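Enquirer: So you can see what is in the structure, the chains are spelled out below.
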Amino acid sequence: MDSITRRSFLKKAACMTGGALLSPGPLSAMAQPNPQGTPAPEMKPDLVAAKGEDAYLCTLKAIQELGGIETFVRRGDRVGVLVNSPFKSMGASVNPDVVLAVIEACLQGGVKEIRYLKNPYRGYWERSARSGDLENAIKSLKYESGDHVKVEIPGGVALKEAKVTKDLLECNVFINVSIAKHHQGVHYSGALKNMMGLCPFSTNSFFHWGTLRLGWYGDLDHLNQCIADLNLVKKPELCISDATTFITENGPYGPGKLGSAESVVASTNPVSLDAFCCRFLGLKPEDVLMIPKASRHGLGNMNLSRLRIKSLSV
Amino acid sequence: MESGLPNNERVLFRVVLCVLISCLIASFSAVNPQAEEPPSQEPLLRLLPLESDLKGWKLDGEPQTAEGMGLFELINGGAEEYVKEGFRRAVIATYINSEGKRINLDIYEMLSPESTRSIYRKKAGDKGTKVPIGEEAALEDYYLNFRKGAYQVTLSGYDTQKETLEWLLQIGRLVAERISIPAGTP
Chain A
-16 MDSITRRSFL KKAACMTGGA LLSPGPLSAM AQPNPQGTPA PEMKPDLVAA
34 KGEDAYLCTL KAIQELGGIE TFVRRGDRVG VLVNSPFKSM GASVNPDVVL
84 AVIEACLQGG VKEIRYLKNP YRGYWERSAR SGDLENAIKS LKYESGDHVK
134 VEIPGGVALK EAKVTKDLLE CNVFINVSIA KHHQGVHYSG ALKNMMGLCP
184 FSTNSFFHWG TLRLGWYGDL DHLNQCIADL NLVKKPELCI SDATTFITEN
234 GPYGPGKLGS AESVVASTNP VSLDAFCCRF LGLKPEDVLM IPKASRHGLG
284 NMNLSRLRIK SLSV
Chain B
9 MESGLPNNER VLFRVVLCVL ISCLIASFSA VNPQAEEPPS QEPLLRLLPL
59 ESDLKGWKLD GEPQTAEGMG LFELINGGAE EYVKEGFRRA VIATYINSEG
109 KRINLDIYEM LSPESTRSIY RKKAGDKGTK VPIGEEAALE DYYLNFRKGA
159 YQVTLSGYDT QKETLEWLLQ IGRLVAERIS IPAGTP
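Just so you know, the sequences run in chain order A and B.
The working numbering numbers the first residue of the first sequence as -16 and each following residue consecutively.
The working numbering numbers the first residue of the second sequence as 9 and each following residue consecutively.
Among the hints, erroneous ones may be present.
Under the rule of at most 30 Å between Cα atoms (straight-line distance), these lysine-lysine pairs were calculated in the DSSO-like manner [claimed, not checked]: (1) B:Lys130 to A:Lys240; (2) B:Lys66 to A:Lys101; (3) B:Lys92 to A:Lys146; (4) B:Lys138 to A:Lys240; (5) B:Lys109 to A:Lys125; (6) A:Lys149 to A:Lys133; (7) A:Lys267 to B:Lys130; (8) B:Lys109 to A:Lys34; (9) A:Lys101 to B:Lys92; (10) A:Lys267 to B:Lys92; (11) A:Lys125 to B:Lys92; (12) B:Lys109 to A:Lys101; (13) A:Lys34 to B:Lys92.
One side only, chain A facing chain B, incomplete, derived with CB under 10 Å [as the list claims (entries may be wrong)]: (14) Met73; (15) Glu109; (16) Arg113; (17) Asn187; (18) Glu232; (19) Pro235; (20) Pro238.
DEER-style ranges, computed between Cβ atoms [claimed, not checked]: (21) A:Glu53 to B:Glu185: 55 to 63 Å; (22) A:Gly265 to B:Glu171: 28 to 36 Å; (23) B:Glu185 to A:Arg57: 55 to 63 Å; (24) A:Asn286 to B:Lys66: 29 to 37 Å; (25) A:Gly138 to B:Glu171: 25 to 33 Å; (26) B:Glu81 to A:Asp204: 19 to 27 Å; (27) B:Gly108 to A:Gly281: 40 to 48 Å; (28) A:Gln91 to B:Glu122: 52 to 60 Å.
For the record, the hints were derived by calculation from the structure and aren't laboratory data.
All values derive from a computational prediction rather than experimental measurement.
Every residue gets a Cβ at the ideal spot worked out from N, C-alpha and C, and that includes glycine.
Working from the sequences, and respecting the hints, build out all of it.
Expert: Here it is in structure tokens:
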């Protein structure tokens, strides 16, 4: 008979314990939660699509379902919001009610300052019936400084450096608020494309003309790659997409025929958000080159079947 | 012939040629100092309807202008089609009334009436309701496109109310009246 040493005893004990926990036998059941007990907390969704007539309420609901604003901001934070709002035509800029909901939620969350990273067009806030009630929130915003700084993009494929607004780098929380709309060059403009709003004309020109091919959209592969690369500069904590009313032609500037999905969609990454929202323009994620390119950068999952998606009505 | 020159001499030839061309351009600019000044925007701004012609409406802020490639800074990716078709300059303005309603007016001066016809087809297509403004005009749900001579004009509102559409037409007619077509233009 083999003598039992201290080492062999520990080995056998470890094997028996591990086997018991991994096997589907009666012992392993002890490791499972009691089916009669308190259910495990529901996993947070990766993406929330809130549908309803009131864009403000839809936005608040989408943020709440994604974990609440406290998941994204803390008291004393400096928040940068990048909103696609420089275009005057209907359906070419984010519905201001969506932005006001984000701003109000952040202020309720106790943030110290909100930087508006790309100025809106004149009269933008007046497009919202809530602008009067939320006048103080609007007045509290700090707009573009106009200063840009050069940043390195080590993981960039086509874009190795870019100039971006200095204000972004002074914020510790970044929220990307885009509109799902048509774009004549890249077919779809959403959260990923919105990042170009951080850059001056000189950087954006490189996106378009960097390979010296004729035309603003002469090299779409390069343009889409640059957009994907630019998204490596700073990953947003929260991404919101306005799909209430949007242009389905003549984008990004408009005017053009309008589409409406009466939806506000929220996610923690721009890839999943764009992969979901491009459907409103009749597109699949792979039709929008920047989406797979950004996905390959590890910026988010474009495979919708692998996402926890929560759709709800408000 | 240049092609018969050895490589290093060919490079030298090209450098000298570039320097000569640069000197020529510089000397021309020196004797014609006005060439460096941007053309006046006044004639284009004069196409904007006067507030006195628009009861209850006034300009909302300063009109914005752009020339050539500057259009990309003004309207971003929307500039591509205009530049491709032959764009010269633009003025963009917004009018506001006492109720806070706004109407946007974009006037694009193209290089030729042919350029204008081409951009109009892209912007308006065969859609919308044909209306008698300029040489060709189409009214859509909340916007109006028309062309006259070398000018492509787009007006847009923020709703589809009848009153808004009436104002789009009224402002459009005023702009069309202010556009004079050079004699002999086909």
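Enquirer: Next, verify each hint and record whether it holds.
Expert: Checked hints:
1. A distance of roughly 13 Å separates the Cα atoms of lysine 130 of chain B and lysine 240 of chain A; the hinted pair therefore holds under the 30 Å criterion.
2. Between lysine 66 of chain B and lysine 101 of chain A the alpha-carbon distance is near 27 Å, which keeps this suggested pair within the 30 Å criterion.
3. The suggested pairing of lysine 92 of chain B with lysine 146 of chain A holds, with an alpha-carbon distance near 27 Å, which does not exceed 30 Å.
4. With a CA separation close to 16 Å, the supplied pair lysine 138 of chain B and lysine 240 of chain A stays within the 30 Å bound.
5. A threshold of 30 Å between alpha carbons decides the hint, and for lysine 109 of chain B with lysine 125 of chain A the separation of about 26 Å falls inside it, so the pair holds.
6. The hinted pair formed by lysine 149 of chain A and lysine 133 of chain A meets the criterion: a straight-line CA distance of about 9 Å does not exceed 30 Å.
7. For the given pair, lysine 267 of chain A sits about 25 Å from lysine 130 of chain B by alpha-carbon distance, which is consistent with the 30 Å threshold.
8. With a C-alpha separation of about 28 Å, the suggested pairing of lysine 109 of chain B with lysine 34 of chain A holds against the 30 Å cut-off.
9. Taken as a hint, the lysine 101 of chain A and lysine 92 of chain B pair is honoured in the structure, with Cα atoms around 27 Å apart against an allowance of 30 Å.
10. Simply put, lysine 267 of chain A and lysine 92 of chain B have alpha-carbon atoms about 29 Å apart, close enough for the 30 Å limit, and the pair holds.
11. Between lysine 125 of chain A and lysine 92 of chain B the alpha-carbon distance is near 37 Å, which puts this suggested pair outside the 30 Å criterion.
12. A hinted pair counts as satisfied when its Cα atoms are at most 30 Å apart, and lysine 109 of chain B with lysine 101 of chain A qualifies at roughly 24 Å.
13. The straight-line distance between the Cα atoms of lysine 34 of chain A and lysine 92 of chain B is roughly 39 Å, outside the 30 Å bound, and the hint therefore fails.
14. Because the smallest distance between the Cβ of methionine 73 of chain A and any Cβ of chain B comes to about 6 Å, under 10 Å, the interface hint for this residue holds.
15. The restraint placing glutamate 109 of chain A at the interface with chain B holds, with a minimum CB-CB distance near 6 Å, inside the 10 Å limit.
16. The beta carbon of arginine 113 of chain A comes no nearer than 14 Å to any beta carbon in chain B, farther than 10 Å, and the hint placing it at the interface is violated.
17. Of the supplied interface hints, the one on asparagine 187 of chain A holds, with its beta-carbon coming within about 8 Å of a beta-carbon of chain B, less than 10 Å.
18. With a least beta-carbon distance of about 9 Å to chain B, the hint placing glutamate 232 of chain A at the interface is held under the 10 Å criterion.
19. Interface hint at proline 235 of chain A: satisfied, since its Cβ lies 5 Å from the closest Cβ of chain B, which is below the 10 Å cut-off.
20. Among the interface hints, the one on proline 238 of chain A holds; its C-beta lies about 4 Å from the nearest C-beta in chain B, closer than the 10 Å criterion.
21. Taken as a hint, the range 55 to 63 Å holds for the pair glutamate 53 of chain A and glutamate 185 of chain B, whose Cβ atoms sit roughly 59 Å apart.
22. For glycine 265 of chain A and glutamate 171 of chain B, the Cβ-Cβ distance of about 33 Å falls inside the hinted range of 28 to 36 Å, so the restraint holds.
23. Under the hint 55 to 63 Å, the C-beta atoms of glutamate 185 of chain B and arginine 57 of chain A, about 59 Å apart, fit the expected range.
24. For asparagine 286 of chain A and lysine 66 of chain B, the Cβ-Cβ distance of about 53 Å falls outside the hinted range of 29 to 37 Å, so the restraint is violated.
25. Remark: the range hint 25 to 33 Å for glycine 138 of chain A to glutamate 171 of chain B is contradicted by a beta-carbon distance near 54 Å.
26. Against the hinted window of 19 to 27 Å, the Cβ-Cβ separation of glutamate 81 of chain B and aspartate 204 of chain A comes to about 25 Å, which satisfies the hint.
27. Look at glycine 108 of chain B against glycine 281 of chain A: about 46 Å separates their beta carbons, and that is inside 40 to 48 Å.
28. The supplied range of 52 to 60 Å is met by glutamine 91 of chain A and glutamate 122 of chain B, whose beta-carbon atoms lie about 57 Å from each other.
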